[in-house]
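Here the protein sequences come in this chain order: A and B.
Residues -10 to 297 (our numbering) make up the first sequence, in order.
Residues -9 to 98 (our numbering) make up the second sequence, in order.
Hints in this document: simulated from the structure, not taken from any laboratory.
Check the hints yourself; a few may be wrong.
[Said to hold, decoys possible] Label-pair restraints from in silico Cβ distances:
hint	chain 1	residue 1	chain 2	residue 2	range
1	A	247	B	20	54 to 60 Å
2	A	95	B	33	30 to 36 Å
3	B	-2	A	219	27 to 33 Å
4	B	8	A	272	53 to 59 Å
5	B	78	A	245	38 to 44 Å
6	B	52	A	81	38 to 44 Å
7	B	33	A	203	28 to 34 Å
8	A	220	B	8	39 to 45 Å
Keep in mind that this is a model prediction, so the values were computed, not measured.
Even for Gly, the Cβ is constructed at its ideal location relative to N, Cα and C.
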Amino acid sequence: MGGSKKKYDVVVIGGGPAGLSAGIYTSRARLSTLLIEKGMVGGQIVNAEQVENYPGFSEGISGFDLTQSMHRQATKFGMETLNADVIGIGVNGEQKVVKTAQGDFVARALIIAGGSERQKLDIPGEAEFTGKGVSYCATCDGAFFREKPVAVVGGGDAALTEALHLTRFASKVTVIHRRHELRATRILQEKALAEPKIELLWDTTVEEVAGGNFVDRITVSHVTGGEKAVIDIAGVFVSIGFKPNTDYLKSILTLDKTGAIVVDENMATVVPGIFAAGDIRSNSIRQVISAAGDGAIAAVSAGKYIGE
Amino acid sequence: MSKPVAVTEADFDQTVIKAKMPVLVDFWAAWCGPCRMVAPVVDELAEDYDGKVSFCKVNVDENPKVASKFGIMSIPTLIIFKNGKPVSNIVGFRPKDELKKSLDAALG
């Protein structure tokens, strides 16, 4: 290394569909491109056993196969991939410096596609029992709760979809929602309300997750009265929304109230030469196709910026 | 060339619990994307730690009893066994460097 910083035309942060699509476009446009991913190349969609709404795959395709193929496609055009955690970014005139545990990288343009992660409940027991009964992915972990009672926390589309999925395995699914009405679309509400295994607890929050080696109970509390109850449960599936991975960007970019990056229709942020794409940008619809579209737009915008 | 060995309920005790060498067991299923992401990393580790650690794979759908015995509630889960006892439990995808650290810590 010797302190010298490696230079690229474009550095892409995040290896989900947005970042991979951006990488396909920039590397195919002959811009030297480095993609930095802290975990799995492919992003959250890797958890999807079947993606049924991505055009061109009429029989469906697994999130793993889809994103691995995107990665091969970008690599074929010359994109490089680095497994590292981005610690921070710095703007030095036209140079953007990306700091990682593996060293610093300099780019002429930056595409931020770091996605989002599941919002946590931030209650006692949650971290301790993650993977031991607390889960953020019903499609991943549902099968381990055969004939056991589980809870889903949340009231949106994702929460009800997960609750319905869990009825295939669990003996009972208690949906715990802090409001008195669901945000989920009508069709999902109707399905959930008609499902005998699903019980809804309204105006209720979870206070604590507890157990021995594994979760065996939760404490819930009514939002108005505050009276508490303990429910025997083997699994808690948390589905209360997503948090964009923008903690290290607060001081540089403009974020909306959810923490997502504000961009214009060219995926440009407030800093010239820094673009954002996918779930991490404001008003994302959180779909693979929109992430891919964002990535393409950000890549073309980055190319124009570099050409100017 | 050392490759991970598929282990079932029938031979788990013989291959893992009674093994003299430390064993890393990869609990996985075909429908699990992150498991498919971990698999090539485990293959590489099997080569890197050839002669020091043996590597096994348990399909949790085909071997639910082993999975439940070790409290698997999320996959991929990697468990490192030493003298028949689990000494390290890694849930979810981890990059190779991090897995190496866990292996070295368990070996040390």
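Taking the hints in turn, this is what the structure says about them:
1. The hinted window of 54 to 60 Å between residue 247 (chain A) and residue 20 (chain B) is violated, with their beta carbons roughly 35 Å apart.
2. In this structure the hint that residue 95 (chain A) and residue 33 (chain B) lie 30 to 36 Å apart at CB holds, the actual value being about 34 Å.
3. At about 39 Å, the beta-carbon gap between residue -2 (chain B) and residue 219 (chain A) misses the expected band of 27 to 33 Å.
4. Checked against the hint of 53 to 59 Å, the pair residue 8 (chain B) and residue 272 (chain A) passes, with Cβ atoms roughly 57 Å apart.
5. Taking the beta carbon of each, residue 78 (chain B) and residue 245 (chain A) are about 41 Å apart, inside 38 to 44 Å as hinted.
6. In this structure the hint that residue 52 (chain B) and residue 81 (chain A) lie 38 to 44 Å apart at CB is violated, the actual value being about 55 Å.
7. At about 30 Å, the CB distance of residue 33 (chain B) to residue 203 (chain A) agrees with the hint of 28 to 34 Å.
8. Against the hinted window of 39 to 45 Å, the Cβ-Cβ separation of residue 220 (chain A) and residue 8 (chain B) comes to about 41 Å, which satisfies the hint.
When the structure is compared with the earlier hints, violations turn up for hints 1, 3, 6 and for no others.
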